[in-house]
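Sequence order for the protein chains is Y and S. The numbering used here applies: residue 115 is where the first sequence begins, and numbers increase by one. The numbering used here applies: residue 115 is where the second sequence begins, and numbers increase by one.
Some hints could be false.
Any copy will do: because identical chains look the same in the list, a pair fits if it lies in one copy or spans two.
[To be verified] Straight-line alpha carbon distances no greater than 25 Å define the calculated PhoX-like cross-link-like pairs of lysine-lysine that follow: (1) K379 x K171; (2) K116 x K171; (3) K379 x K184; (4) K379 x K166.
Simulated from the structure, these hints should not be mistaken for lab results.
There are 2 protein chains.
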Amino acid sequence: MKTKTIRLKNRPVGVPKPGDFELVTQELPGLSQGEILLEASYISVDPYLRGKMSGTKEPRFELGQPITSKLIARVVESRNPHFRSGDYVSDYLLWQEFQIAGGSGLTKIDPHQAPLPAYLGVLGITGLSAYLPLLDYGQPKPGETLVVSGAAGAVGSIAGQIGKILGCRVVGIVGSEEKAELVKEKFGFDQAVNYRGSNDLNAAIASACPHGVDLYFDNVGGPISEAVIANINPYGRIIVCGAISNYNETTPALSPSLLPLVVYKFLRIQGFLIADFSSRFPQALNQLHEWLQQGKITYSETIVQGFENLPNAFIGLFEGLNQGKMIVEI
Amino acid sequence: MKTKTIRLKNRPVGVPKPGDFELVTQELPGLSQGEILLEASYISVDPYLRGKMSGTKEPRFELGQPITSKLIARVVESRNPHFRSGDYVSDYLLWQEFQIAGGSGLTKIDPHQAPLPAYLGVLGITGLSAYLPLLDYGQPKPGETLVVSGAAGAVGSIAGQIGKILGCRVVGIVGSEEKAELVKEKFGFDQAVNYRGSNDLNAAIASACPHGVDLYFDNVGGPISEAVIANINPYGRIIVCGAISNYNETTPALSPSLLPLVVYKFLRIQGFLIADFSSRFPQALNQLHEWLQQGKITYSETIVQGFENLPNAFIGLFEGLNQGKMIVEI
Chain Y
115 MKTKTIRLKN RPVGVPKPGD FELVTQELPG LSQGEILLEA SYISVDPYLR GKMSGTKEPR
175 FELGQPITSK LIARVVESRN PHFRSGDYVS DYLLWQEFQI AGGSGLTKID PHQAPLPAYL
235 GVLGITGLSA YLPLLDYGQP KPGETLVVSG AAGAVGSIAG QIGKILGCRV VGIVGSEEKA
295 ELVKEKFGFD QAVNYRGSND LNAAIASACP HGVDLYFDNV GGPISEAVIA NINPYGRIIV
355 CGAISNYNET TPALSPSLLP LVVYKFLRIQ GFLIADFSSR FPQALNQLHE WLQQGKITYS
415 ETIVQGFENL PNAFIGLFEG LNQGKMIVEI
Chain S
115 MKTKTIRLKN RPVGVPKPGD FELVTQELPG LSQGEILLEA SYISVDPYLR GKMSGTKEPR
175 FELGQPITSK LIARVVESRN PHFRSGDYVS DYLLWQEFQI AGGSGLTKID PHQAPLPAYL
235 GVLGITGLSA YLPLLDYGQP KPGETLVVSG AAGAVGSIAG QIGKILGCRV VGIVGSEEKA
295 ELVKEKFGFD QAVNYRGSND LNAAIASACP HGVDLYFDNV GGPISEAVIA NINPYGRIIV
355 CGAISNYNET TPALSPSLLP LVVYKFLRIQ GFLIADFSSR FPQALNQLHE WLQQGKITYS
415 ETIVQGFENL PNAFIGLFEG LNQGKMIVEI
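Pulled out of the complex, with its shape left as it was, chain Y reads as follows (with noise of 0.2 Å):
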């Protein structure tokens, strides 16, 4: 049988473009003994997947060959005991509408639990990602105060929520006024900053934190980071998940260095690979998936139809294009 797949065609420079991909068709051969047939159902695209196209993110990915992101799959066929037709899956798998896998490393998930688009967001490696670091590398004390960046978007706005439940004040970064009502109305952050709003943003931190920044959740970098850490208080924890504003730079954007910060206020800036908290998925998932039961969290997802468009929709993440999770339906 044919199916579509969606190749790097090269590596991007700044911002990707739709050229920057290519949609071919190819055969898949039929299945051995112990594979599945799969077709996709939901596709995540993620502002990570930026650095493997580069290759600053290792492992990166390869000219000419597909991209892999997150996906929940349907089983159509197969010829391995652990799989029937007509279950989900979810894995690192190929940007194909259908490919053929071993059966090892791919999580039945059940759509009587959760919307199956959950499963690549807040019930996924999105909310994990909030989840884990902020706990453990944030130890967020209640009265403190936590900053999120990216704040409308699928971790910042899941990260939030948890920062809310643990007790801490709450304010969000983000880039527009809608996103900022979002923020604060449905995802109950105390105040929110509109970077685009703002002649100077260090001022409108400290305005929105009277008592400093105790805890920055960072996905972002660049100027909206510097003029958070600018209202940092001394033992601040900033936890870095992402830096969407440097993945597209083609020279990097100069600013003071953090380190002399970091001597005065007993600072921790801490980087993590979520794959090292794997022990504790199933734990934080159970956690994760109580609070959305007793609507202790809320999520948003801009699901994009077609599987011609994931380019598209990734691209948007750049623009801000997504509220919450970016998903595409296939």
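Start from chain Y and add chain S according to the hints.
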């Protein structure tokens, strides 16, 4: 009786100048019950004092008030039953030849256990600042590469030797060929890079660290740190003890943000206040003393004579005039 005192006259702009300090003679009152009269023997001058002079590091020094740093002093007269004339004590005390203390907070030190100045260096805050953060935040593993900047300095020379004891490959960054020899010959570093002798520091560090940098113990900040961090491995730990290259900046130098690298390489950048480790000081000092007696660590001192030379000794730190701990002997 009268004492000489050195006060902060002006908040330094850029590199501190002798005129930022003033030497005055003042009258001391008589001792009240519970008080002791101290005569300064050795006074520690340290880069971190610079921040307290500008007020970037809290608590800051006030204009017209004496500078405070770590001192070793002899008890001249005592009206406190816990101290006798002739005892030696150590604490954060005033830059004065004589001063009156209440007795609380003073640590008695034994001149028979080690030379007195060592209690300002390897057996004091200097040794502790090298040992405890390296151990806790660095978590060095045998075979890992540790880079130390300011490697011929007080903390750096000890941090590197502890790295060797713990099984690391240790590379020091220094500012002269003489210091490069010193850290290799006297302190047993595996390699040294003289940043003043290199046109391409990034490449020089890469060549000295063929397996990359796993741990970076940073005393200097600035372009040296940029070059080290450019060579850091995934999961690299950066312990930021000092940023001497930035302390005298009037306008901060600009550099590419570290945050994208923190994301891509899962880095930790950690500052600290050594006082937060105080419950472990006794145990750590025992360990340092044992290593010293076993000849596993050694140290350098630069001892400047004369109370009046305190400002010059302090200023000399920023010119790299010291090898190891800079101390003024009164």
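Right, here's what the structure says about each hint:
no., hint, result
1, K379 x K171, "between (30 Å within a copy, 8 Å between copies)"
2, K116 x K171, "neither (31 Å within a copy, 66 Å between copies)"
3, K379 x K184, "between (38 Å within a copy, 21 Å between copies)"
4, K379 x K166, "between (34 Å within a copy, 13 Å between copies)"
The structure shown violates just one earlier hint, number 2.
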